[in-house]
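Asks: Protein sequence lines correspond, in order, to chains A and B. The opening residue of the first sequence carries number 1 in my numbering; numbering runs sequentially from there. The opening residue of the second sequence carries number 1 in my numbering; numbering runs sequentially from there.
These are calculated hints, taken from the structure and not from any lab test. Note that the structure is a prediction, hence the values are computed from the model and not measured. Check the hints yourself; a few may be wrong.
[Unchecked claim] Here are the simulated distance ranges between beta carbons:
| id | chain 1 | residue 1 | chain 2 | residue 2 | range |
| --- | --- | --- | --- | --- | --- |
| 1 | B | E186 | A | P7 | 25 to 31 Å |
| 2 | B | N40 | A | Q259 | 54 to 60 Å |
| 3 | A | Y184 | B | S33 | 35 to 41 Å |
| 4 | B | R184 | A | D73 | 53 to 59 Å |
| 5 | A | K408 | B | R184 | 49 to 55 Å |
| 6 | B | D182 | A | Q429 | 43 to 49 Å |
| 7 | A | S283 | B | V70 | 26 to 32 Å |
| 8 | B | V70 | A | K229 | 50 to 56 Å |
| 9 | B | S33 | A | A188 | 45 to 51 Å |
| 10 | A | K37 | B | S33 | 38 to 44 Å |
| 11 | A | A188 | B | S177 | 31 to 37 Å |
| 12 | A | L466 | B | S169 | 38 to 44 Å |
| 13 | B | N40 | A | S283 | 39 to 45 Å |
[To be verified] The calculated DSS-like cross-link candidates involving lysine-lysine, where the alpha carbons are at most 25 Å apart (straight line), are:
| id | chain 1 | residue 1 | chain 2 | residue 2 |
| --- | --- | --- | --- | --- |
| 14 | B | K55 | B | K166 |
| 15 | A | K400 | B | K3 |
| 16 | A | K356 | A | K446 |
| 17 | B | K155 | B | K166 |
| 18 | A | K57 | A | K69 |
| 19 | B | K73 | A | K356 |
| 20 | A | K366 | A | K400 |
| 21 | A | K473 | A | K407 |
| 22 | B | K73 | A | K57 |
| 23 | A | K356 | A | K401 |
| 24 | A | K408 | B | K3 |
| 25 | A | K69 | A | K37 |
| 26 | B | K55 | A | K355 |
| 27 | A | K407 | B | K166 |
| 28 | A | K401 | B | K3 |
| 29 | B | K55 | A | K401 |
| 30 | B | K155 | A | K408 |
| 31 | B | K55 | B | K77 |
| 32 | A | K446 | B | K155 |
| 33 | B | K55 | A | K407 |
[Said to hold, decoys possible] Covered stretches of chain A, going by a simulated chain B footprint (3 or more residues, C-beta under 8 Å):
| id | region |
| --- | --- |
| 34 | 41 to 52 |
| 35 | 134 to 145 |
| 36 | 389 to 402 |
| 37 | 417 to 427 |
Even for Gly, the Cβ is constructed at its ideal location relative to N, Cα and C.
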Amino acid sequence: MQHQFSPIRAAIDIGSNTIRLVVARSASSDLDIVVSKEELVRIGESVTATGAISQEKAEAAIALLNQYKALADKHSADPIFVVATEAIRQASNSAAFLERVQRETGLTVQLISGTAEAALTFYGATYEVTREPNPPAEIGVMDLGGGSLELVTAKHMQITWRTSIPIGSGWLHDRYLPSNPPTYDEVAVAEAFLQTYFQGMRLKQHPPVLIVTGGSATSLLDLVHCAFKLEEHRNQLTQQDLIRCEGLLSSLPAEEIAQRYNQPPGRARILLAGALIIRAAMSRLHMNEIHISPHGIREGVLLAFERYGDHWLEIVSQSGAALNHVQQSEAPLVLPPEEEPFVQTGRRLLLERAKKMLELPQEVLKHEDVEAVHRMRVAIRRLRATLDAYESCCDPSRFKKVYRQIKKAADTLGAARDTDVMLLNLRAQLEHMNDEEQAGVQWIIKRLETFREQKQQGLESFLQTLDEDTLRKQIASLIPEGVVSHGKSQTDYRA
Amino acid sequence: MAKARPITGLDPQAATGKNARIIARIRLEELFSWESYVDNPYHIQELHNLGIASKRLRYTFEVFENVLPVASKDIVKELVQIQDELGVFHDTDVMIASLRLCLGGQDSASVFDSMQSDTSEQHRKGKSLVPPELVADLLDPAVAPSTEERYGLEKYLQMQEQLREKQYSAFRQHWYSLLARDFRREILELLEG
Numbered sequence: 001m002q003h004q005f006s007p008i009r010a011a012i013d014i015g016s017n018t019i020r021l022v023v024a025r026s027a028s029s030d031l032d033i034v035v036s037k038e039e040l041v042r043i044g045e046s047v048t049a050t051g052a053i054s055q056e057k058a059e060a061a062i063a064l065l066n067q068y069k070a071l072a073d074k075h076s077a078d079p080i081f082v083v084a085t086e087a088i089r090q091a092s093n094s095a096a097f098l099e100r101v102q103r104e105t106g107l108t109v110q111l112i113s114g115t116a117e118a119a120l121t122f123y124g125a126t127y128e129v130t131r132e133p134n135p136p137a138e139i140g141v142m143d144l145g146g147g148s149l150e151l152v153t154a155k156h157m158q159i160t161w162r163t164s165i166p167i168g169s170g171w172l173h174d175r176y177l178p179s180n181p182p183t184y185d186e187v188a189v190a191e192a193f194l195q196t197y198f199q200g201m202r203l204k205q206h207p208p209v210l211i212v213t214g215g216s217a218t219s220l221l222d223l224v225h226c227a228f229k230l231e232e233h234r235n236q237l238t239q240q241d242l243i244r245c246e247g248l249l250s251s252l253p254a255e256e257i258a259q260r261y262n263q264p265p266g267r268a269r270i271l272l273a274g275a276l277i278i279r280a281a282m283s284r285l286h287m288n289e290i291h292i293s294p295h296g297i298r299e300g301v302l303l304a305f306e307r308y309g310d311h312w313l314e315i316v317s318q319s320g321a322a323l324n325h326v327q328q329s330e331a332p333l334v335l336p337p338e339e340e341p342f343v344q345t346g347r348r349l350l351l352e353r354a355k356k357m358l359e360l361p362q363e364v365l366k367h368e369d370v371e372a373v374h375r376m377r378v379a380i381r382r383l384r385a386t387l388d389a390y391e392s393c394c395d396p397s398r399f400k401k402v403y404r405q406i407k408k409a410a411d412t413l414g415a416a417r418d419t420d421v422m423l424l425n426l427r428a429q430l431e432h433m434n435d436e437e438q439a440g441v442q443w444i445i446k447r448l449e450t451f452r453e454q455k456q457q458g459l460e461s462f463l464q465t466l467d468e469d470t471l472r473k474q475i476a477s478l479i480p481e482g483v484v485s486h487g488k489s490q491t492d493y494r495a
Numbered sequence: 001m002a003k004a005r006p007i008t009g010l011d012p013q014a015a016t017g018k019n020a021r022i023i024a025r026i027r028l029e030e031l032f033s034w035e036s037y038v039d040n041p042y043h044i045q046e047l048h049n050l051g052i053a054s055k056r057l058r059y060t061f062e063v064f065e066n067v068l069p070v071a072s073k074d075i076v077k078e079l080v081q082i083q084d085e086l087g088v089f090h091d092t093d094v095m096i097a098s099l100r101l102c103l104g105g106q107d108s109a110s111v112f113d114s115m116q117s118d119t120s121e122q123h124r125k126g127k128s129l130v131p132p133e134l135v136a137d138l139l140d141p142a143v144a145p146s147t148e149e150r151y152g153l154e155k156y157l158q159m160q161e162q163l164r165e166k167q168y169s170a171f172r173q174h175w176y177s178l179l180a181r182d183f184r185r186e187i188l189e190l191l192e193g
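Isolated chain A, as found in the complex:
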């Protein structure tokens, strides 16, 4: 490509986490990047919390857009394209925000659809691969953003299938990983959620090569280079690399990660969420290795403009034409959690809660940590609350059978735990008492210890006879297919 004769263009992408700028000499199949910048603003954080873009986030975004515009103008970039994606699509005040951006920066923002987003990301993430002597015949591109994940597959660089999942690194962090660093339990729950979510995803193809793009992916590659000394030229990450990242990110606070490994602090906070999502997707796609691309939607915008001219967005948005006869799915393949049918969520939740509970009996049986009983009791309460919520969807006789067992487990653990609490309180108060008071309290402690021993025996015999596999199967069969009410399907009613 004769770069020196190519026009200079700029593209800005307002994402849920990041706002990025690229200034490049552009041609229809190649780019010579002059400037590439990104800043974490996390507009999606306020959208997840309140449904709207907050005043603070709007101001931060506008200040950054003014800086980017000045930088693009300095390089005489023309035109300057600005596109906005998931967080802005979701925000209740998106129109007011876009109007304000126009007024205060002079930039016109195009709010693009998920289809256009997927196509543009694909163009951006793959344009370097297409220049290779033997590009792969089949390829997948995954764009992990703050608020969503886009997955595209292609054959001979023609998109064949795509899907959009409303799970992004910022979203997962805000919902599941609030502690800094996230706790073991938070990570376990997030993993369980991702595992069940991805399992429910219908895949039309398993691409042999997957390119992953987005801020979390490129930051994870940087982290692996910096922390684990990956060879300089490598841009691949394996499942093992991601597991090592997860270990690091869940053991150090974000500030320390940022300082030690040269990551922006805001990015360091959400990086574990990104690693978990990428690894869950890799497992679902049966992949051990992915390629990371620093390019994405903004580069795709420049390429699309060079290919299709002024009507680039219309063409890209018109699925059939722009996506080269893509096999679009007739219905969304994965629904956002709030839109998922109640019974489908119920089957998943009941299994998750049962799994959590059935992980604990061995710990209780060891009789080493009084908190084990408490943890199992809490797990049972959560399972019971889920059962209460879903009773009307369950087969009544199966429900009764399961509920009886869960209630018995709750009662058995409850009696032991209540005594533990009494003993803990009594022992804690003992040291603040005089001799006479201590004599009385010591007496009742002895009585309670005897009682607790009896309860332990009851607890052990109950847990030893608990048939975990059968219980799991019974729980899995509680909500029948096509249920309308009380475990009955529409067919049952007609019968």
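Please build the complex by placing chain B on the supplied structure of chain A, with the hints as guidance.
Replies: Same frame as chain A, now just chain B:
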């Protein structure tokens, strides 16, 4: 413990978000159905039921956290606090009942027998705070407390009664602060959003 209110009006094939809100509203009504007992610290069972109802609403928010607004987390914090306040209050009630049993039931075997059978019947009906097997252990004449131990138990009972007053007043103060900010309306508005 009062049974959980059955959940009605759900559409199993409708979106989880919609159904989760229906469940949360029912659990909220269940919580406020015990409100009239807040001013009487001797409605032990009803206050315990209020604690259980706050726990049920809390778990509903937790089970469906994925489909309810993130701001639900602030509601959950308040519910956990109510649950904790009423939880320790109930623990103290159990301890007081146990101590009273020990101090009042050690005098003769006949008292032991009658208290044991009364407690067993009451526990079955959900009225007794102390499980019958524990009553049997506490009232066993073979291990009756000595005079010195009885004195210690009396002193400890007094301490527990004072503690109970403090715990009740902390809970009541918290409850009224929630009423002042119209906590119920706050939850309903959150569920409508």
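Asks: It remains to establish, for every hint, whether it holds in the given structure.
Replies: Going down the list of hints, with the structure as the test:
Here the CB-CB span from E186(B) to P7(A) is close to 56 Å, at odds with the stated 25 to 31 Å. At roughly 56 Å, the beta-carbon separation of N40(B) and Q259(A) lies within the given 54 to 60 Å, and the hint holds. In this structure, Y184(A) and S33(B) meet the distance hint of 35 to 41 Å, their C-beta atoms being roughly 38 Å apart. At about 55 Å, the beta-carbon gap between R184(B) and D73(A) stays in the expected band of 53 to 59 Å.
At roughly 34 Å, the beta carbons of K408(A) and R184(B) sit outside the given window of 49 to 55 Å. For D182(B) and Q429(A), the Cβ-Cβ distance of about 38 Å falls outside the hinted range of 43 to 49 Å, so the restraint is violated. S283(A) and V70(B) have their C-beta atoms about 27 Å apart, which keeps the hinted 26 to 32 Å range intact. For the pair V70(B) and K229(A), the beta carbons lie near 38 Å from each other, so the given range of 50 to 56 Å is not met.
Distance hint check for S33(B) and A188(A): the Cβ-Cβ separation is about 35 Å, which falls outside the suggested range of 45 to 51 Å. Roughly 58 Å separates the CB atoms of K37(A) and S33(B), a value that falls outside the hinted 38 to 44 Å. In this structure the hint that A188(A) and S177(B) lie 31 to 37 Å apart at CB holds, the actual value being about 35 Å. Between L466(A) and S169(B) the C-beta distance comes to about 42 Å, which sits within the given range of 38 to 44 Å.
Checked against the hint of 39 to 45 Å, the pair N40(B) and S283(A) fails, with Cβ atoms roughly 56 Å apart. The straight-line distance between the Cα atoms of K55(B) and K166(B) is roughly 22 Å, inside the 25 Å bound, and the hint therefore holds. Under the criterion of a C-alpha separation no larger than 25 Å, the hint pairing K400(A) with K3(B) is consistent with the structure, at around 15 Å. Under the criterion of a C-alpha separation no larger than 25 Å, the hint pairing K356(A) with K446(A) is inconsistent with the structure, at around 34 Å.
Taking the CA atoms of K155(B) and K166(B), the gap is near 17 Å; set against the 25 Å cutoff, the hint holds. With a C-alpha separation of about 18 Å, the suggested pairing of K57(A) with K69(A) holds against the 25 Å cut-off. Note on K73(B) and K356(A): the hinted pairing holds, with a Cα-Cα distance of about 21 Å set against a maximum of 25 Å. Taking the CA atoms of K366(A) and K400(A), the gap is near 30 Å; set against the 25 Å cutoff, the hint is violated.
Restraint check for K473(A) and K407(A): the C-alpha separation of about 18 Å stays at or below 25 Å, so the hint holds. Annotation: proposed proximity of K73(B) to K57(A) holds, straight-line Cα distance about 21 Å (limit 25 Å). About 20 Å separates the Cα atoms of K356(A) and K401(A), which keeps this hinted pair within 25 Å; it holds. Straight-line distance between C-alpha atoms of K408(A) and K3(B) comes to about 15 Å, which keeps the hinted pair within the 25 Å bound.
A hinted pair counts as satisfied when its Cα atoms are at most 25 Å apart, and K69(A) with K37(A) qualifies at roughly 12 Å. A C-alpha spacing of about 21 Å is found between K55(B) and K355(A), which places the hinted pair at or below 25 Å, so the restraint holds. As the CA atoms of K407(A) and K166(B) are separated by approximately 33 Å, the hinted pair breaks the 25 Å bound. A threshold of 25 Å between alpha carbons decides the hint, and for K401(A) with K3(B) the separation of about 17 Å falls inside it, so the pair holds.
A hinted pair counts as satisfied when its Cα atoms are at most 25 Å apart, and K55(B) with K401(A) qualifies at roughly 24 Å. With a C-alpha separation of about 37 Å, the suggested pairing of K155(B) with K408(A) is violated against the 25 Å cut-off. For a cut-off of 25 Å, the pair hint linking K55(B) to K77(B) stands: about 11 Å separates their Cα positions. Annotation: proposed proximity of K446(A) to K155(B) holds, straight-line Cα distance about 18 Å (limit 25 Å).
Of the supplied pair hints, the one linking K55(B) and K407(A) holds, its CA atoms being roughly 16 Å apart against a limit of 25 Å. With 4 residues having a beta carbon nearer than 8 Å to a beta carbon of chain B, the region 41 to 52 of chain A meets the requirement of three or more and the stated coverage holds. Counting residues of the region 134 to 145 of chain A whose CB lies closer than 8 Å to any CB of chain B gives 0, so the stated coverage by that chain is violated, three being the minimum. Taking a C-beta to C-beta cut-off of 8 Å, the region 389 to 402 of chain A contributes 4 residues in contact with chain B, enough for the three needed, and the coverage statement holds.
With 5 residues having a beta carbon nearer than 8 Å to a beta carbon of chain B, the region 417 to 427 of chain A meets the requirement of three or more and the stated coverage holds.
Checked against the numbered hints given earlier, this structure breaks hints 1, 5, 6, 8, 9, 10, 13, 16, 20, 27, 30 and 35; the rest are met.
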